[in-house]
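J.: Read off the chains here:
2 protein chains.
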Amino acid sequence: MPPVEHDRLANALRALAMDAVEEAKSGHPGLPMGAADIATVLFSRFLKFDAAEPRWPDRDRFVLSAGHGSMLIYALLHLTGNAEMTLDELKRFRQLGSKTPGHPENFVTAGIETTTGPLGQGIANAVGMALAERMLNAEFGDDLVDHYTYVLASDGDLMEGVSQEAIALAGHLKLGRLIVLFDDNGISIDGPLSLADSVDQLKRFEAAGWRAVRVDGHDPEAIAGAIAEARKADRPTLIACRTTIGFGAPKKAGTSKAHGEPLGAEELAGAKAALGWPHGPFEVPEDIRAAWAAIGKRNRGLREAWERRLAAAPADRAAEFARRHAGLRPAGLGEAMARLKERLAAEAPTVATRKASEMALEVITEAVPELVLGSADLTPSNNTRTKNLKAIAPGDFTGRYIHYGIREHGMAAAMNGLSLHGGYVPAGGTFLVFTDYARPSMRLAALMGAQAIYVMTHDSIGLGEDGPTHQPVEHLAALRAIPNMRVFRPADAVETAECWQLALERKDGPTVLALTRQNLPTVRREAGARNRCAVGAYELSPANSEAMASIFASGSEVEIALAAQALLKERGVPARVVSVPSLELFLEQPDDLRSAVIGKAPIKVAVEAAVRFGWDAVIGEEGLFVGMTGFGASAPYKDLYTYFGITAEAVADKVLARHNA
Amino acid sequence: MPPVEHDRLANALRALAMDAVEEAKSGHPGLPMGAADIATVLFSRFLKFDAAEPRWPDRDRFVLSAGHGSMLIYALLHLTGNAEMTLDELKRFRQLGSKTPGHPENFVTAGIETTTGPLGQGIANAVGMALAERMLNAEFGDDLVDHYTYVLASDGDLMEGVSQEAIALAGHLKLGRLIVLFDDNGISIDGPLSLADSVDQLKRFEAAGWRAVRVDGHDPEAIAGAIAEARKADRPTLIACRTTIGFGAPKKAGTSKAHGEPLGAEELAGAKAALGWPHGPFEVPEDIRAAWAAIGKRNRGLREAWERRLAAAPADRAAEFARRHAGLRPAGLGEAMARLKERLAAEAPTVATRKASEMALEVITEAVPELVLGSADLTPSNNTRTKNLKAIAPGDFTGRYIHYGIREHGMAAAMNGLSLHGGYVPAGGTFLVFTDYARPSMRLAALMGAQAIYVMTHDSIGLGEDGPTHQPVEHLAALRAIPNMRVFRPADAVETAECWQLALERKDGPTVLALTRQNLPTVRREAGARNRCAVGAYELSPANSEAMASIFASGSEVEIALAAQALLKERGVPARVVSVPSLELFLEQPDDLRSAVIGKAPIKVAVEAAVRFGWDAVIGEEGLFVGMTGFGASAPYKDLYTYFGITAEAVADKVLARHNA
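In the order they appear, the protein sequences are chains A and B.
The first sequence begins at 1 in the UniProt record's numbering and counts up by one.
The second sequence begins at 1 in the UniProt record's numbering and counts up by one.
Bound-form chain A, shown alone (with noise of 0.2 angstroms):
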């Protein structure tokens, strides 16, 4: 392609940009504009994708890390032929209801790999693309998965703390497949990088185990040239894209005036005089735009031998993909938990309820084989490795256990891509308190309704000696504060087993098992046929006559609520006892059901080793609530419960002395 067609091809991106940051009064032309020739050169030459199916699963993945040059992507959408993303789309950008949200929103528009914006996430959400990718080739075979992972990347991105967890994990698995260009611009928004920066990127990415080199960003050749090498390597590659930011822009250009703002009509008119492009607000030529429409079109044929071959493959393989691609779960799973659940109502083993996660683990790694479980290296803590599950190791993708290293942030953006790319579920463990770590990346979890699973365990005071570093109080109710998180808590190994089928069914987001530490009895002796944590709450315990007193409870502090419940029933008070396996599904529920389960008991009280915040929408302000009012501290745990007053006594007392006032 000669160099004058590049340039328009690249112009045209960089029109569109500032036309629709300007017409939006509000965006970030600079971006685009710095980043337009790299964009066209992967667009045109490299990246593998058809704008007619942006959901092909075969598709290279195209990463805009950088989510603040959301325009680039629009652009590139538009400008290729994707079907939502028509002219109008692009004049309505950032307002209320387009296709052209702020930041790009994989949830609103077809073609978005995953939602960027909070800067270090699309990298490290692209190494569990790569990832993904290569466990699917492992299982299914270069006839059918067969793709790069692509990443555009500014310094914002490789700042980010997460960015390190990433490249990191990335180069120690050999993620060949996975190409970060870095749009190499030298600004950020407080001025020039120097302000605050002065790592030298290609050094640090060569000590993660990746090749690195740099390039001139507007030289399409030396573009060209570097991902050409760097899709042969069996390394991930940084390719440092020297650019300017805002290029064109006669006063902007190269500073940080350029980056989030409309450039303002004079230096928009300015920008288009130089850039040679004549042409009025959102106004493209036919012939650049019938070149990028053929650009969009450049792999259908790959496209439909892909799909010839996937026809041609065994049904049972096909069917496997298909139904893997659609996030369906295998159909044995519900009759495999369902039996679980009778053996243990049945055995009521006396277990942490980490270890009933390991034991439904053992039945849920046999009937879905699209679980990929993994633990930022506390393994043996988690118990999330069951027996049958192999470890990815470097180079080795045939695995289905990640030691994601102690890298809880990396762990969580990791899982988002695996998740987002398609073909399997994952589930990753840590300490419920390092959910602080993982936090950005759970919250885009559950903004983009990605399905991921958290294994949280140590959830209370009750993992004992590590002390108050280590002790979630808070993190319930933090986590329940996300729209769309799942939190459950569950008391045995009968819920257990139905929170954790609960979350490999839910198709629409995030799931946290909060889990114990320490062993808890089986409170659930029957298992029966409904799955009962499935509504958030149930009665778990019937009053023997008309209730006083409603105790409601999750996780380890069930058994405190029923011990304190026998206590009452001992002193004449009549009470309930409501297990709360998901506080916020439970205020989710239809207002009869609820006011069902609360019940009409006078006096409520809540039990949970946590803060109380959050519980008032249950028990109501001037409900009774045994728990925690600050941080923990280091004991045994039987020592904290006592020291912390959460008993059954203290239960027991409490609802005495309301009875009685």
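FYI, nobody ran anything at the bench for these hints, they're computed from the structure.
It cannot be assumed that every hint is accurate.
Stated by the list, open to error - Simulated coverage check for chain A against chain B, where a stretch passes if three residues somewhere in it have a Cβ under 8 angstroms from a Cβ of chain B:
| hint | stretch |
| --- | --- |
| 1 | 103-115 |
| 2 | 454-468 |
| 3 | 476-489 |
Stated by the list, open to error - Once the Cα atoms are required to be at most 27 angstroms apart in a straight line, the calculated DSS-like pairs of lysine-lysine come out as:
| hint | chain 1 | residue 1 | chain 2 | residue 2 |
| --- | --- | --- | --- | --- |
| 4 | B | 232 | A | 203 |
| 5 | B | 638 | A | 257 |
| 6 | B | 355 | A | 25 |
| 7 | B | 257 | A | 390 |
| 8 | B | 25 | A | 355 |
Unchecked claim - Chain A regions said to be covered by chain B (calculated; three or more residues, Cβ under 8 angstroms):
| hint | stretch |
| --- | --- |
| 9 | 22-35 |
| 10 | 164-178 |
| 11 | 370-380 |
| 12 | 634-644 |
Owing to the predicted nature of the structure, the values given are computational and were not obtained by experimental measurement.
No residue lacks a Cβ here, since even glycine has one placed at the ideal position from N, Cα and C.
Let chain A serve as the given structure and place chain B on it in line with the hints.
T.: Showing chain B alone in chain A's frame:
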């Protein structure tokens, strides 16, 4: 010092660690045993400290970033003569109320510089400490401030992403007084480090502008040589010390079995035999005790000379140094803030509270020289840099403004270090939504009771077009849930000034200031003598007659509450408006104050552009709420308020519907 003596000193640390973990039946022997040689060299030959005065301001700081190895520092404190760290405390390792909790807690144990355990935090805190040292040195000179910051870090510390943010900042700023000793034992909990990592750490640190060397971590002369060289450098240094985890344990040394559980009687006996340590549990021969005690007194002369220099310093300089280290604010602050409030109430500017914060800072930065501001690359958005503030630059520490880079987590962790070092109050800015990135360090500030101020702008859907990735909806709740975290969301310029003053005067913990991007009117038209934000909530606008409704609101929604009050008045329903700048501070107030502010109006409604979570404690579970129920969207902010129904009309309609029910 002859090697044999070194070995016996180091073995005393190993033996005490093994014995204490065994006694506790819980803990981590592997790191103390592996790193005992490093610690012995550092404490016996380099570390400037006086065990009799663990708070001597000019001491070297030693940060055990690998906090799970807490018995190492407890053994060091005990043997060097820390008065609180008796042998009995070692025997009570990990027991309730001891000075020896599972992980080091600076607020429990004198001589512990920061609270560690969550990995990566210590090394990032140390960056703040090393920066504080240079900044204080620039202010007070070599006579008073001239010390080093040493860190002992593990693989886990370096795998956490926050370490990248920290080392990039330290390398950029050329913090030559920072020396990291890396306990390079090649083992993590899941097994050999090679399961999950293959980063070349030396190369990575060099890429961040550090010196980096590798030594045998069991060769005291090699360690000493490397430290001596590091102390001369104008850049920070990483000394990777190759060690054997659980050094001396016959079967478990060099394996993950040595990491996190007692050795067991047999292995412990074998380790003592291998180390040539024939002594019983907790026994240390007198000559070794005497040698360690001498190390604890080694720098007494230096300390006394320092005290003489302080006594000889000009009175105002000495007084300022003392004030700063006592954490007292300047006497003039209250008066300056009172004048500011008067002016703002009179002028009644319509400004965003982020702008109001800048207006407050113009006064505060003049009045409070110890306030160190900064931003994670959002300076023009956070409005954190006032005209009089010079920025810190590499090797030049005369400024008071820090360009932290796009490193929210590293910023918050460094702020902890600045605060813990003494001499400074750090305040750092980013968008409220990105508190998720900084949360692990913010939690530790709350746990430690460290003063730090988070200037969190763009605090709701009111930020508009950037969309749901940037719009906090659950963050106010998630932050309020953290014990000892103060969250303020001021409604106007007057409240912003009051909240800033409270944040500055609060010495026992961190404060979040949640500030708007969008303009707000001044709703407080009388400054008043009292700081009305100090009790968390107050009646801003009474009803015209006996109130039928109380409208509670925070921040930008107070304007909406007042408009709703006016609408209701038109419709004959008297309502009052309560401004709630700090929900959780209000809930901590005495019952009578709380009841008086909540009032007796039969209808209670809260308005906040965030999730309801937590508000039930004020309005009751039957209370009305106008706010968010899910994530936001990308659009101009006024469109979003309308779309999500957070309007005066919606508030009035809800109240009227309840009133007429």
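J.: Take the hints in turn and mark each one as holding or not.
T.: Structure-based check of each hint:
Remark: the stretch 103-115 of chain A is confirmed as covered by chain B, as 3 of its residues place a Cβ nearer than 8 angstroms to a Cβ of that chain, reaching the required three. With a cut-off of 8 angstroms between beta carbons, the stretch 454-468 of chain A has 5 residues touching chain B; three or more are needed, and the interface restraint holds. Counting residues of the stretch 476-489 of chain A whose CB falls under 8 angstroms from any CB of chain B gives 7; the rule of at least 3 is met. With a C-alpha separation of about 25 angstroms, the suggested pair residue 232 of chain B and residue 203 of chain A falls inside the 27 angstroms cut-off, and the hint holds.
A C-alpha spacing of about 26 angstroms is found between residue 638 of chain B and residue 257 of chain A, which places the hinted pair at or below 27 angstroms, so the restraint holds. For the suggested pair residue 355 of chain B and residue 25 of chain A, the alpha carbons sit about 21 angstroms apart, so the restraint of at most 27 angstroms is met. Pair hint residue 257 of chain B plus residue 390 of chain A holds up; C-alpha atoms about 21 angstroms apart against a cutoff of 27 angstroms. Of the supplied pair hints, the one linking residue 25 of chain B and residue 355 of chain A holds, its CA atoms being roughly 21 angstroms apart against a limit of 27 angstroms.
Three residues within the 8 angstroms Cβ limit are the bar, and the stretch 22-35 of chain A against chain B gives 3, so the coverage statement holds. Look at the stretch 164-178 of chain A against chain B: 6 of its residues bring a Cβ nearer than 8 angstroms to a Cβ of that chain, three or more, so the hint holds. Counting residues of the stretch 370-380 of chain A whose CB falls under 8 angstroms from any CB of chain B gives 5; the rule of at least 3 is met. Note: the stretch 634-644 of chain A has 6 residues with beta-carbon separation from chain B under 8 angstroms; the three-residue rule is met and the coverage holds.
Figure legend: structure checked against the earlier numbered hints; every hint is met.
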